[in-house]
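Trainee: Residues per chain are reported as follows:
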Amino acid sequence: MAPAPEAGGVFALMNVVGLVAFAMVGSLKAADADLDLFGVAVLGVLTALGGGTVRDVLVGRVPGALRSTGDVAVALLGVALAVLLARRVRGRLLDHPLLLAPDAVGLAAFAATGALVGHEAGLSPFGVVALATLTAVGGGSLADVLLSRVPVVLREEFYATPAVLGGALFWLAESVGVDPSAAALGCAGLVLGVRLLALRRGWDLPSP
Amino acid sequence: MAPAPEAGGVFALMNVVGLVAFAMVGSLKAADADLDLFGVAVLGVLTALGGGTVRDVLVGRVPGALRSTGDVAVALLGVALAVLLARRVRGRLLDHPLLLAPDAVGLAAFAATGALVGHEAGLSPFGVVALATLTAVGGGSLADVLLSRVPVVLREEFYATPAVLGGALFWLAESVGVDPSAAALGCAGLVLGVRLLALRRGWDLPSP
Amino acid sequence: MAPAPEAGGVFALMNVVGLVAFAMVGSLKAADADLDLFGVAVLGVLTALGGGTVRDVLVGRVPGALRSTGDVAVALLGVALAVLLARRVRGRLLDHPLLLAPDAVGLAAFAATGALVGHEAGLSPFGVVALATLTAVGGGSLADVLLSRVPVVLREEFYATPAVLGGALFWLAESVGVDPSAAALGCAGLVLGVRLLALRRGWDLPSP
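Chains as they are written, first to last, in the working numbering: chain A, 1 to 208; chain B, 1001 to 1208; chain C, 2001 to 2208.
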């Protein structure tokens, strides 16, 4: 899930923050579910790298996460942090602002790279929005599936919706001639803003 | 899941009927499981487009569903119908002939396009049958997995078997020199006939 | 999951043993879960061929299992054996040394082919280890997901760890100049040895 080169330093930083936060979330969920050490590491790494891997497979690329060692090293740092903290804090950390804020940063960075990759691959507007969303929430959803749970993004919380909105903004901006890397920054900003607002206000989508 | 050009208008119509029916089935299942609106839309779209997406990824194509907007628009029509009906009818609609019949049409159309794509990609006889079956039942099975259920096609009902038989017929016909688009029509006809017969007679496969 | 040509006859034999054993394990699990005959066949074939299919998709190849008929024929032999034995022995066979030993042979063969394919695709050290592990445990994990269970390799048992160690040995050996097919043999030997030792001693990974 390396940031696109043109997106520059801000993205690189957001990406690292997101990889660590996503890996911590995945590992803490795994520890809560009594997985063994291998399972905790797999769920952490999968939560961090899974969305980008699905994104790359869908557009016919060999996943970046398997071609580099940097991303997995950052993810393993998150796993290690989670293992160190797991005994002491467990589930309580999963809802803590100290984890939710960097997780929102990751959501924003991953949605933006997903939209960029979809754009580069020549996808349709739907494809761009789907790829932004899948990149952002795919890793956590795969982890939920492995834990034999309905992915939380399908049930409650205003978590995937910011990514959908961000992907739509990217496509709109790009289709009126905005430069893709500027569009990606706008996408990331919108996702981050909407997600933080949703957390603060406790937003939820209704059931039909 | 666009129909192969050579398969013509009948396929295009069957495909649209199938996309709407599959999306309705997925969304109604999601509403029954108390997912939120995003989850209901995702399950509907995934049930309609998931089988064709898996098919395309397996043969190394960027999924058609991500490159067009037509298929997802048709699927979202099915989602909207399901949401409008969900409050009133819920689970009862899932077993209603008005939904089961177009669902069987979709099963037939998707199995036929799966067999065609497998043939074009140079797969083995097993590969053609597997791709026909996966295209037909893959979307619904992915939706079941996201709902944390054992896919219904693995447990009961004569639902995947017609697709297997249709894929085998396609391969047999094509290997004795029948034109692929004629073989695809024969495949679709067999799947539709066997599935409707199974529904009428209440067929089930035995457990070993 | 055809063996790499350079790996020769030993690998071909290990591969066949593994395909039969993996298919039996998958089918017996499915029969225990009361799936119907289609489900039992799907779970058996998926357990045998799923890891190699995920491996091929990740490196951008059309899955070998869909391009040949040999692998699926061998897997279906395992399914048939399991169906014949299912009534009589059920779950007891799943823990029997007569099945665990050939299953360990398959684990070793699949980890080695996964490492080789990852090496040929130019993956990073992490990618090679991940592909070795996914090829070895991916099929069984997909089967567990379809059965709506947390994959057993994430919860307990010293099953994935030997594949991780084997992948790491392959990478180490290859990076100091050892010929890839020799490295693959070393990988397979290590996986088999560690797995059999773990079975004999009842090893488990701790939970964090």
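The hints are simulated quantities; they were obtained by calculation from the structure and are not laboratory data. Take these hints with a grain of salt, some might be off.
Unchecked claim - Chain B is faced by these chain A residues, among others (derived, beta-carbon under 7 Å):
1. GLY60
2. LEU123
3. SER124
4. PHE126
5. GLY127
6. ARG149
7. VAL150
8. VAL152
9. ARG155
10. SER175
11. VAL176
12. GLY177
13. VAL178
14. SER181
15. PRO208
All residues carry an ideal CB built from backbone N, CA and C; glycine is no exception.
Trainee: Decide, hint by hint, whether the structure agrees.
Mentor: Hints, verified against the model:
no.	hint	in the structure
1	GLY60	5 Å, holds
2	LEU123	5 Å, holds
3	SER124	5 Å, holds
4	PHE126	5 Å, holds
5	GLY127	3 Å, holds
6	ARG149	6 Å, holds
7	VAL150	5 Å, holds
8	VAL152	10 Å, violated
9	ARG155	6 Å, holds
10	SER175	13 Å, violated
11	VAL176	18 Å, violated
12	GLY177	20 Å, violated
13	VAL178	20 Å, violated
14	SER181	22 Å, violated
15	PRO208	5 Å, holds
When each numbered hint is compared with the structure, violations occur for hints 8, 10, 11, 12, 13, 14.
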